[in-house]
Structures are given as C-alpha cells and as structure tokens.
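Q: Quick one: dock chain against chain with the hints and give me the complex.
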Amino acid sequence: MPKRTHSPFLLEAKPVLGEVIEHLKPWFDYISVLATDDRGLSYFALPGETRTAEPMWVQRGFVFRAQREGKVAEYACAVLPGAAQESVSFASTRSRASASAIEIADAVRARLDSLLADPTLIAFPQIADEPAAAEFLGEIEEDPFTADPEDVLSRLAVLREKLTDGKVVVMAQSRYECVDVSRLFLSPNRSLMQSFLWSQAYLFGVARRGQMSKMSYRPASGRKGLEILRGLETSVPELAQELADLLEAVPMEPGEYEVILDPDMAGTLAHEAFGHGVETDMFFKKRAKALEYLGKRVGSDLVTMYDGAAGVDQTGSYLFDDEGTLATKTCVIENGILKGGISDTLSALALGIPRTGNGRREAYSHKAYARMTNTYFAPGTSTLEEMIASVKHGWQLSQLNSGMEDPRNWGIQLICMVGREIKDGKYTGRVASPVVCSGYVPDVLSAVSMVSSDFELGGSGACGKGHKEYAKVSSGGPYVKTRMRLG
Amino acid sequence: MMIATIREAIASINAHDTIKISDWRLVERRLERQERYYVASKAEQARAVDETLYSLTVYVDTIASGAGGSGGTSSGAGTGSLPNAASGSASSAGTNNPSASPALKKFRGEATITIQPTFSRAECEAKIRQAAFAASKSRNPWFELPEPSAPKTSVPVSGFEALSPAERIETVRHAFFSAANRFGGNARINSLELFITKETKRLLNSRGFDFASTIWRGYSEFVVEADSSSGTVELFDDIEFSEPDASRLSEAIETRLAQVRDRAHAAPMPTLQGLSVILRGKEAEEVFGWFFHNSRTEMIYSKASAFEAGKSVQESDKGEAPVEPLDVFAEPVISGLPSSSAFDADGFPLERTAVIEDGILKTLIGSIRHADWLGVPRKGAFGLFSVSPGTMSLDEMHAAPYLEPVMFSDFRLDPVTGDFGAEVRLAYYFDGAKVVPVTGGSISGSLSALRAAMRRSKEVGLAAHSLCPKAVMLQGVIITGAC
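Same order as they appear, the protein sequences are chains A and B. Going by full-length UniProt numbering, the first residue of the first sequence is number 1, and it counts up by one from there. Going by full-length UniProt numbering, the first residue of the second sequence is number 1, and it counts up by one from there.
Isolated chain B, as found in the complex (with noise of 0.2 Å):
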C-alpha cells in the first residue's frame, strides 16, 4: 500500500512542480524478530518485533553551463531541473543528453529518506518533495540507474523457512547450551543473546526494476566465563548466521569455552620482540578485508584508497615485493552469511569476480555511480568476499615461536591507513618449547608496513562477511606486554 503511495506521490510532484523527480529508488524492509536474552539458563525477558521501514532515493538532474563535472552544490544561476522520466515510463532520463554539448553538462543530485510506514498521504509527499527540493542543490555528475535484468545467481532458500517460531529459537538455544552443557566443568555460559529476524526485501526503481528476496538474520552474542584463582573471568563473542546450523553454533561456542577456561590461568603477556603473530577469525577476517574495501570504487574515487588498478595491493610502502601474492574474490552468495544478496543496493545484478589476483588489482568493485565516474566496468557492490587459501598449514605456523592472539578487547583496523591495534584479552604464546596462554598488554601496526611479508593458512573457513583463509600471520607487529 505504501508503495503505491509513494509513486503517486512521486506522479504528482511531476506532474506539478518546477523541481523534477528524474529518477528513483525504494527499497521495503519488513522485519520479523524474535528475541531472547538469557542471563545463564533463564530468559530474562521475551520480546517480538515487526518492523516496516522505506527507504527511498529521489534523483533530481540539472544541466548547468560551466565546466562543473567535479561534485559540489548547485550555483543556481546557470543552472536548470531537467524534465523526468520518473514518473512514467523509464526511457527518457538518458535522452536528451545536454553533455552533447560542450557549453552544457548533465548533472544529478540525489537525497535518500525514510518513508515511515504511518506516514500519512500528504506527509509522504510533503517529506518526498523536500528531499527533491535537498536533491537539486546537489550537483553530481550524471549517471544512469540500472535496468531491469534477471539475477546471476540465486540465494538458496534458509532452513529456517520451514521451521514455526517457536522452533527456530529453541533449535538455536539448543544449539549453544547443549554445547556447553556437554562441555562441562570449569567454563559455562553467562549470558546470551538471541536474535532471528525474517527480512522480506524488495527493491524497486524508477527505470522499472523490481525484484523481492527474503533473508534470515541469525545473530547471537555471548558471553562466556571461567573460575581463576583470583575470580571469574570470562570472554565475549558474536556470531552472524542465516541457517540453523547446529554444528556451526556448537562449534562457535565451544571455542569460546575452551579459551575461557584457559584464560582463568592466563599469565600477564610479556613484552616480545621479533615474534611472528597469527591472527585468527574475525581478525584475519579484517586483514583480507582490508584489501577487499580498499579495491572499492568509492574508495578510489574518493582517494581514500590508495589502490591502483593493475598495480600491487601487497607491495610495502617500503618498495618490498609480496612473499605471498593475494588472491581476492567479490562473492554474491555464501551459505550460511546473511549478506548474500543477488543484487547490489542499486539493483544492479552481482557475479562472482576476481578483484585482485597475484596481488595484482585486477578489478574495481563497489558502487556503480563511482565506477562510471571513474570510467571502469560496473561490478556492483558486493557484502561478500573469499580469500583463497595460503601455503602454510595451521601446524606450519605453529612450528616457529609466535603470539596468537585469539580474543581482544576490540581489535580495530582502520579502513584507510590499515593501522591496527588492540589490548589482549587471550593469547597463545609459543616461545619454541611450550604453548602458555597469557593476558593483557597490547599488539599494534600498520598494514602498509607489513602487508608484504604476510602469509595466510592452507585451511579456510567461514567468518562474518566472507570465507577465507582461517589465519593470518604478520611479522614486525609491535607487542606491548602486560608487566
């Protein structure tokens, strides 16, 4: 119902005011939610959730004289909404281009808001005609929506499709406190968080795409604990899923049970010089995925990244050559991550493709409008990626003296410098004769420095956002002790 407000909305601001709608985008959201949080074995309290959210992109084109053409506001004078194609049939908006000419250029403005789901009538189009009004003062160069096209690929159904609600949270719940209750002893669950949500989508846009997919949410956090001789201590966890995956869950928890329990005799983290560190998880995951950001278009476009196509990825900014070149592909579909998706956010269709190879970068990914002002083939942009797998095995790394640290208090990678950095909260120290888990102190670097030196595991395995390799080990990362 909202949707067809929206459009006639949009119709009548067409067909009545000066500002023109060009193009548009909407996508629906309607979430589904269950909730738990339990506090040990007890729930504390049960919430439910429906959701409806639009978010809705109007497109406003203006053809300006001048050489413009580089991003900025509108300078008014000179300046003139062009007729739309929005409201009607979806041809016009890439006709009539004044770029033609050299004293004219075609520009586009843009404005995202959300349409509530009680807004009233006259509130949509009141909300929509401002963001026109905001649209038009943007002056962007031009680009064009995609058409409407079939998927590349497909997601595969969820198994939690066929299960009631009340199954889906007790298979989950099973899963985890089955695990631990099987583990036993020493370390046990503290609290737990439980999420599913059902996110029916659809996204729709002015040149007549309209595609509708369905996404399960698993999300789960936890915090697991341990009896030490000086008290409790304990460690917390996450976890994303889209499938009932009782293996996946048990395994995730048991993990985390396992570490807790050597973290109650944990000895403080010295401070170590020239030691291999093997980060594992989520943090490997971090390191490739810098990579894979940095290969987005946006980010080039921008000048954030400092990524050239066809140039290496992995040489240091020391001039140092790749021990072992990189291999990174834009994934659109992973079993079991909930950001599978067959289209990007613009609706433009996704395929699996090789962004750097060798270490090379071979192909530039990410949003569509950035990839046509940067002249290169569209690619969309992906939530997924996999990293193939290294040379060394898990029992290679370990054979040397190292610091793998497997949990820190928030191990953060800056997008742009790569600097990286965290306090530690579990770590396996391996000084040539015996493993000790030890605590506290700091690690910290730069992946433009140590990028070139990196090797990554032979065994793969599924994060948050991609598949790759299960570890990755840096040389030259400086690790502050605890004492």
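With the rest of the complex left out, here is chain A (with noise of 0.2 Å):
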C-alpha cells in the first residue's frame, strides 16, 4: 500500500521553528512547539441534495509551550507573530533566514512572559526533554485526495437511495469523511513526525410512521481510506429491517436486567467507566475516585481493559502525542484489578507517574489534556452464541447513541437505540428503543459474567473531555455479557 507524505508546508517550516526553538531556548527552562497541518474532506449525500466540504478537523498552526520556574504557559497561532504575514509562505520568510527566525521568537516571547506573569499559575516540576527522533508514515488503499469526487458522491448517493424505499424508510443520509494528519513536534532535545489518514462514513436512516419516527445508522472507520465504503455498502438489508424493527419499538420496562453489549457498546462501558475514570489529569483535580483503588479489584477476573495508541490500529492511533511523547499501550484493568492511568505531561509530574503519551488537543489551538486514544476490553473465549443461549431474560443491546462518565462518583450512562429481548436463550422478537443503560461501574464490572473471544473496534465517533475538547478515539474489543438497569 502506498504510504501517505508529511505536510510540504511542515517541512518547509521545519528549519524556521527549529531555529525559533534555538532563539527561546535561553529564556525558558523548557520550550518546544508542535506544528500541525491537518487536512480533509467531507462528501455529503442528503435527500436531494449532494455536498463536498472539510471536516471540523482540518487546521494549521502552532502552539509553542515554556516553562519558566514551573509555572506553564502556552500560545498558540494561525501565524507565526513577527517576521511572518498572512500568504507569505515559508521560502519566502526562508529567504530572509536567522532574521525572520529571532522576530518571531522575540514575538512569541513577549506573549508567553506576558502569560508567565499570572500570579495565580502553580509551579510545576520541571518538564523533561529526553532525546528523540522519529517519524511516522501511514498507508491506505483507495486515496480519498486523488479519488474522483463525482465517484465518491455516487457512492455514497447509491447507498442512500438503496436505503430509501419510500415506504419504512423515509429518509436516509451518508457521509464519508477523512482527515490527513501531518504533526512536527520539535524541542530543543526532540524532533518527531507524522503523517497518516483516518476515515469515517456513515449511513443514517429515519423510518416513520405517521408521526412517529425511529433512527438508526451504520458506520464505519479506520486509518484507512475510501475502502471503509465496502463494509458500508454491504449493511443496507440488515440496516433496512433494523429500522422496520424500530417502528414496532416497545418503551423499556424499568429494571434491572442480564445484557449483552456488542462490542461498540462495551468498548463505551470501558471508555466511560474507567477511560475517563483514570485520566490523571482528573486524579490531579481529586476528580477521580479510580485514585484511591489503584491495586484493588473493580471487575469480575473476565474484565481486562487496555487504552493506548500503540498497540492496535484505529482512529485513536499515532507514534506521538500533542505533548511530544511517543505512544505507549496501557494496561488500565488487568483480570479485574485496577491498575494504572493514562497521563498527559502536567498531570504526570504533579502526580510523580510515567508519561503516557496520551496527551491531546482537539487542535493547535486547545489545551492538552489527558485522553483516551483507543480503548478496548480483552477478548474471552465465549461465543455469543454461548452467551445468548446463558440469559435467562434479558436484552442484547446495540446501535451506541452516547455514553456518558462520572469519574469522581462511578455513575454511568450509555443510551442505545436497539434493544433485542431474549428469554430462556432466545430472541423474543421484541425490541426496545432507546434504551438508557444505568448502573454503579463497580457493580457493572463485577457482574461481568461472559466475554467473547470477538475483537473489533470501531472510530466513528468523538470523545469529549466534559461537554467539548473532542478527540478522535476508537473504542470496542468484545461482546460482553454483565448486568445493567435499563429505562
């Protein structure tokens, strides 16, 4: 597979911000900068109407972050200040060489001591700049860059009128998205880059009666390209009848209930119970109650859950963060004992842990935090089948709608539009819809009773820190069956 390419405006800017670096380096105990030129297209097929655009990832621009007697302060810009205007490329502000580089640093200097000068900000240890050097390249199959767009809205266009029969299905919509991520991160000590693609797509229907309406949809997603169209193309039968189901939705009957999640349902359970639950970031705020159970179990022994960007290969995969630390794979739940976070940088010295690499921005322009990237339970060795065939009433639970987390009180909440009802090992017939999925996290981890040896992730949504800060993540791993209450 060809592989993608960095940024030519990354690397043209490469020698200008390294010299940058050199110029600050004096005046600051710490300083580096991340430079991101990420770009992408949205293809939109709507009832008619058809529409090209970017997704809300696209960006250029820099944060440079200092560190002066532990206080931090960052500033971020679409434009390098000083030497640099709007539409003057880099070999133009080449041309004028070492000149350019110390205006600019003097520029970005006086914003970052003016930022210093809060009396409010808290004294940090110092942060480290260990040696490294490394790049990344991805590959894909169908490059969405040099697609035909009249190919790509034909597609999509097919598969929502495939969906569409007028009747059941009133409405249906698809999408495909991809974002071309190109990072330089450079520190006196460290200089890293990476180039890779991520997709997503979707189909949505609406199916109505009267006034009545009921929604579903399929996704797909992956460090992949247009060929994440297949697997899309493939779901409009299944998706059709899912939707005819819907309108025959009864509401849940409150109660506590055996269920099985599909994968993208416990990958959520795992994201929202101790995904969130063990950012440290959120341990140095005494936000997280995971902090006083470090070493003690939270799950049955079935529950191992792991977070990292190393390890597997989804939208939450990279080589290095948006601190400048490589990748790392962490073992958040091992047979049930909790047994360590995911960090960004501040939160790791406050708290005196190893960094992570999973410091993130949703752009140049916002602050790091500590995030997941992909995050998964580990397989079992049970079939569903097996697991269906165990439940004595209950529901399998599917079509994820959002999920939300309570770190500091382990409450959690996961909605789904699709519940199937089984009694005695079978299907009922019945489906449910929406299903709000509640319940103390221990008490959910615990009651973990069936794993399956099925893995899948998958990337098609956004997690946010609170209500914004999104980041592409990936969630999933296997079919599991616990105990949930259900409204």
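No lab work stands behind these hints, which were simulated from the structure alone. Honestly, I wouldn't trust all of these hints.
Stated by the list, open to error - Within a straight-line C-alpha distance of at most 20 Å, the following computed SDA-like cross-link-like pairs (lysine to any residue) qualify:
#1 A:K468 / B:E32
#2 B:K303 / A:F44
#3 A:K468 / B:A464
Stated by the list, open to error - If we take Cβ atoms under 10 Å as the criterion, some of the chain A residues that face chain B in the derived model are:
#4 Y75
#5 V79
#6 T120
#7 V152
#8 M215
#9 E272
#10 S402
#11 G403
#12 M404
#13 L414
Cβ atoms here follow ideal geometry from the backbone N, Cα and C, with glycine treated the same way.
A: Put into structure tokens, the structure is as follows:
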C-alpha cells in the first residue's frame, strides 16, 4: 500500500521552527512547539442534494509551550507572529533566514512572558526533554484525495437511495469524511514527525409511521481511505430491517436485566467507566475515585482493559501525542484489578507518574489534556451464541447513541437505539428503543460473567472532555455479558 | 490580504479554466482568546490564542438535459458548466436561465473549503480549483445567493469591549470565585475553565454582500463539589455569555453549589410511576428547541422532520390535542447570548419571526436554499429562539407530587425522533409531603408521544440559545430507579 507523505508546509517550516526554538531556549526552562497541518474532505449525500466540504478537524497552526520556574504557559497561533505575514510562505520567510527566526522568537517570547506573569499559576516540576527522533508515515488503499469526487458522491448517493424505500424508510443520508493528519514536534532535544490518514463514514436512516419517527445507522472507520465504504455497502439490508423493527419498538420496562453489550457498546462502557476515570488530570484535580482503587479489585476476573495509541491500528493510533511523548499501551484493568492511568505531561509531573503518551488536543489552538486513544476490553473465550443461550431474561443492546462518565461518583450512562429481548436463551422478537443503561461502575464490571472471543474496534465517533475538546478515539473489543439497570 | 488573494485566485480560475465559479461565499473569522484553567483557585496554565480562519464556499452552475432536479451527482453527458458571474460584476448568475427551456435545467453544485492564512497564492488557487471541480460534480436544484442588504436588527456592543485583557479575565474570575466564597460551607469550586474570545467576523459573497461584526464569546465550565458521609460528590456545568454580567455568572455557580450540597445527602432514586417530571434550564430548552429545529427548512426538505406548515406540531402520535399550545419565535438577537447575529450564514438579513403560533407551524425558518426548494418564503437560519410563557407558575408545578431532575450525566434528545433519556445525577422528588434530593437511575421518553400534555412555566429565563420558560412539565416519562 502507498505511504502517506509529510505536509510540504511542515517540511518547509521545520528548519525555521528549529531556529526559533534555539532562540527561545535560553529564556525558558523548557520550550517546545507543535506544528499541525491536517487537511480533510467531507462528502455528503442527502435527500435531494450532494455536497462537498471539510471536516471540523482541519487545522494548520502552531502552539508553543514554555516553562519557567515551574509555571507553564502556551501561545497558539495560526500565523507566526513577528516576521511572518498572512499568505507569505515559509520559502519567503526562509529567504530572510535567521533574521525572521529572531523576530518570530521575540514575538513569541513576549506573549509567553506576559502569560507567565500571572500570579495565580501553579509551579510544576521541570518538564523533561529527553532526546528522541522518530517519524511515521501511514498507509491506505484508496486515496480520497486523488479520487474523482463524482465517484465518491455516486457511491454515497447509491447507498442512501438503496436504503430509502419511501414506505418505511422515508429518509436516508450518507456521509464520508477523512483527515490527513500531519504533525511536527520540536524541542531542543526532540524532533518528531508523523503523517497518516483516517476515515469515517455513516449511513443513517429514518423510519416513520404517522408522527412517530425512529432512526438508526451503520458506521465505518479506520486509519484507512475510501475502502471503508465497502463495509457500509453490505450493511443496507440489515439496517433496513432494523428500521422496520424499530417502528414496532416498545418502551423499556424499567428494571435490572442481564445484558449483552455489542463490541461498540462494550467499548463505550470501558471508555466511560474506566477510561475517563483514569485520565490522570482527573487524579490531579482529585476528581477521580479510581485514585483510591489502584491495585484493588474493580471488576470480575474476566475484565481486562487497555488504552493505547500503540498496539492496535484504529483512529486513536499515532506515533506521538500532542505534547511530543511517544505512544504507549496501558493496561488499565488486569483480571479485575485496577492497574494504572493514562497521563498528559503536567498531571504526570504533578503526580510523579510515567508519561503514557495520552496528552492530546482538539487542535493546535486547544489545551492538551489526558485523553483516551483506543480503549477496549480484551477478548475472552465465549461465543456470542453461548452468551445468548445463557440469558434467562435480558436484552442484547446495540447501536450506541451516546455515553457519559462520572469519574468522581462512578455512575455510568449509555444510551442505545436497539434493545432485542432474550428469554430462556432465545430472541423473543421484541425490540425496545431507546434504551438508557445506568448503574454503579464497580457493580457493572463485577457482574461481567461472559466475554466473547471477538475483537472489533470502532472509531467513528469523537470523545469530549466534559462537553468540549473533541478527540478522535476508538473503542470496542468483544461482546460482554453483565447486568445493568435499563429504562 | 488573504481576502484579496482569494478574490484574485477566483478571478484567475474563471479567466482560464473550463469550470467556472458561478458564485462564492467567504467567511473570515479572527479570534483572539484568553484561557485560564483553575484547579481550586490556582491556575494550572495560562494560554493565549490568535486564530484566523477562512471558509470559502464555491458554487458551480451547470445546465443539464433530462428531468433532474432531485439532487445528486453530475452524470457527465448533457452537462456543462455555465458562464460565471463571480469574478466580476454580480449580475449575471441569475440571467440566461435555462430552466425556462423544458429540455434544459440549471443546477448548482457547491463545495466548502478552509483557506489557511499561511497558504501561498499558488496553494490558495490550487485548492479553490479543486473545490470548483468537486462542486461541478454535484447537481442540486439552483438557488440564488442573497443580494446586499441592510441589517434589520443590530447586535448591542458588549461590555467586554471596554475592558483590558487582564480586566476581562479578572471580572469573570471574580464573579465566579466571590460567589463561591460567599456561599461557603460544605460546597466549593473544584475546578473551573474560562475562555473569553473576541471574534471579528466578515462575511462576503460574490453578489456584493460584505458585512463585518464583532462578537464576544465567553464560556466557562466548572465542577463544584461537596463532602458527604461516603466521600466527595460533584456536579458539572457550563455557561455561555457575551457580557461581563457578574450577577448572571454568580447565580449560575451559586445554583450548582446549592445543588451539590444537596447531592451530598441524596438518596438513591426509587422507581416511580405516574409522576409528573419537571425539566429545568438547559433540558427545558432542549425540549422547546426540538420544536424550533423541526421547523427548519432543511429538516422538512429532507423529510427528517415530520412537521408540516399549517398543521399542529403538538398533537401526539395518538392524535391527542395540546393542553397548552406553544408559541415559538425565531430571534436574531437576545442580549447576553453569543449566537446573536444580524445576518445568517448566507448573508440573509434576520428579523424576529413567529414560527409556531398556538401550536400550529406558521412559518418555516432555516437555510434559504431549502426555502427556495420547498417554495416557501426565505426567512433565514437563526441561532436563537424564544418561547412564550406558560400558564402555570413554578409554585403551581411544585404543588403536586413530581420528580424534578436538575442535573443529568448527559441529557440526550434526538433531534429527529424526539426520543430522550439520561442518567440522573441529582433530582428533587416530592411525594406530596416532603421534597428529598435523589440520585442515580434514569428517565426516558419520547416527545412525539408526550408533547400534547406538556406544560410550561410562567417564569422565563435566559438559556444557552434561547429565552424560554424556566421549566417544562411532562407526563408519562419512564422513571427507572437506582435500586
């Protein structure tokens, strides 16, 4: 498969930024710059129209981080201050060589000095700057940037037209988007560069009877190109049937049930239950109950959970994070015992724990937080059929709508669109929608009684910190059987 | 400077390329933002951001034989790009309309791209050329961009304008922390993030529209906590603002401090049946917002909305008539809310519009292209709305047994189906004798079934995107207990 290439803009910027960092180095105890040039494409096939645009993730800019006497400040800019002007390329900046770098450095220093004068700033231990040099170039099959837009729009239009029958499914839309990520990190001792492409696609349908509407969807995602559309193309009949079933859906009778979570729901349980809960900036703020449970039991022996940008290949994978730390894979829970957290630089320093390469930003213009990457349960040994057969009365839950964490008080919320009833080991044919799943996290994980041998990761969504700061992540793993309160 | 570069690039493409850009729309946004991240009363770090964003939409018109008109992709044969109007005068795109001919129709494709301020002239032109090519592959019904017009309303100048950068941060920080200090006792701020952004926006199009405006966007999210016998409990909230309105900011944090104090001694929520559920604040706004958003042209054109002009939007799916019919207005400006705007994203001038009257959908609002395609008058796309007060006071709502959730994990209301649900972090339960704080469990339901019986409060208040009743009371919500 052909490799991606680094952004020409970043390659051109690299020597100038290297000089700027050298000029800034004497003024601070730590200095670094992250430069981003992420381009993207979005294609939409909607009822009666098609459109091309760009995803929200498109960005190009710089963020300088400085530390002095322990205090930390950042200055982010789309255009380098000082010498640089709008629409002046680095080629022309380079023609003025060091003079430009000095002017840029002086302007950046003035902004950082002003920010570091804030008397309320906390003093952190010194940020380490261990030597490192590395690069990564991703690979894809079908390059969306060289594809004919008409072909992409046609594929999407066919998808939505196949799903819309005008009787049950009154509306459908399809969408493909990709981001060509290119990042450069420089500090006095580190030079890192990575470029890779990820894609996501959706097929949505709305079924209607009278005034009642029901909606469902199929996603596709990966560090892949247009090849992800192939999976959606085979999903149409199943989605059409699901939408028809949803028109017959009943409200969920409140209660605690045996549940089988599909890999997407199970992955989101992992993400919400112990992903956010072990983000170590939450430890630093004393907002995470998990801090009291390190080394203690939080789930059944069947529960093993990981997070890591390294080790698997999905939309949360990368070589280095947005603070210049190389990616790792963290075992969060091993056989039910809570092992450790995922860290950004500042919380790792404050807590005296290792940096795990989880310092991520929504964009160069946003702060880095401790964030998840690819979060999943490890597979077990059961089959889905065995799990269904073991259920006396419960529900198989799929088509995740959303999830939310409560790291301090260990509540959990998952909402899905499809619940299929199981009685005495067999589907009854009854469908409930929507289904709100809640519970106390240790109770839910302690009740995990079966884990399938499947392993699927999905990366079609985004993760927020609170209600903002979206980061591209994936989650998943096997089917998981547990008990939850449904309503 | 970049605006001139973009204009030159479009002119060059139209002078030399086969595919002509028929029209364009450009948005320039310059953002200056200050950020603080407080842990207790100390700042974890200080950040400043200078961002410039250019969003360019190019429209490419084609003529094609055959029926067409339902939208889709260009078929190649029988399709051709029309002469442009975009590079020079703004007069000819609507002329020479082939739709007058029964055999030929005029279509309009579009592509939106981001132009980075660091693009070179060559990079800029190459990207616009790619966008024009992509736009030529879409064949949607034709529509016309708005001509230049005067605003029909104005956005008041923000009080932030007169403050220095340091004063802006300090004014807002002080409003939050002094309120917390006054509150005292068992509840306090755990952490608070503060963002104050000055956004200078310029919207231009190829028809000669050119309008600049300045918006101040304040945003804070905060976590408050209180000690309980089983450990510390917390509540999370956020607030958007465009004014340094100390009383509004203080009230927001005081409300949550009082509630987190109650969460510290909340009991597990029991499973309850047949109880009125009162939704407050943001959740009440989401309920009203469902009616507003389903009245948008794009929702109705795509059939995502089941609403129809002239028909009731409050009749339940079983045909029950509304107990308290709604009045909903689209609002261009609401003082204190950052989404206030004199023009919509296409440059259409906004003015207050009655959308729903007495429970009946009167006027569709939303994107002008979808208005044209539906054959209804253009009203524009609004970011704000208001809802008229109801007939019950909050005291009257509280007179009979109820469950009043005031904080959820993440309240979700599906914009299409009206299905809603969420885990409850704090609710007040009145059993007819006493009010007790409860936590855990969840609520769920569907507005399509519950809308006829909904009641709204007499009292109105500012929410994130609206001025609407402070509470909505629903019957028939499923309440799942925590135990």
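Q: Evaluate each hint against the coordinates.
A: Going through the hints against the structure:
1. Between K468 (chain A) and E32 (chain B) the alpha-carbon distance is near 19 Å, which keeps this suggested pair within the 20 Å criterion.
2. The suggested pairing of K303 (chain B) with F44 (chain A) holds, with an alpha-carbon distance near 16 Å, which does not exceed 20 Å.
3. Pair hint K468 (chain A) plus A464 (chain B) holds up; C-alpha atoms about 15 Å apart against a cutoff of 20 Å.
4. Taken as an interface hint, Y75 (chain A) checks out: its beta carbon lies about 5 Å from the nearest beta carbon of chain B, inside 10 Å.
5. Evaluation of the V79 (chain A) hint against chain B yields a held restraint, the C-beta minimum of about 5 Å falling below 10 Å.
6. Hint status for T120 (chain A) relative to chain B: holds, with the closest Cβ pair at about 4 Å, below 10 Å.
7. Taking 10 Å as the C-beta contact cut-off toward chain B, the hint placing V152 (chain A) at the interface holds, the least distance being around 9 Å.
8. Interface hint at M215 (chain A): satisfied, since its Cβ lies 5 Å from the closest Cβ of chain B, which is below the 10 Å cut-off.
9. Of the supplied interface hints, the one on E272 (chain A) holds, with its beta-carbon coming within about 9 Å of a beta-carbon of chain B, less than 10 Å.
10. Below 10 Å, beta-carbon pairs count as interface contacts, and S402 (chain A) has one with chain B at about 5 Å; its hint therefore holds.
11. Contact between G403 (chain A) and chain B, as hinted, is supported at the beta carbon level, the nearest pair being about 8 Å apart and thus within 10 Å.
12. With a least beta-carbon distance of about 4 Å to chain B, the hint placing M404 (chain A) at the interface is held under the 10 Å criterion.
13. At a threshold of 10 Å, the smallest CB-CB gap from L414 (chain A) to chain B is about 9 Å, leaving the interface hint in force.
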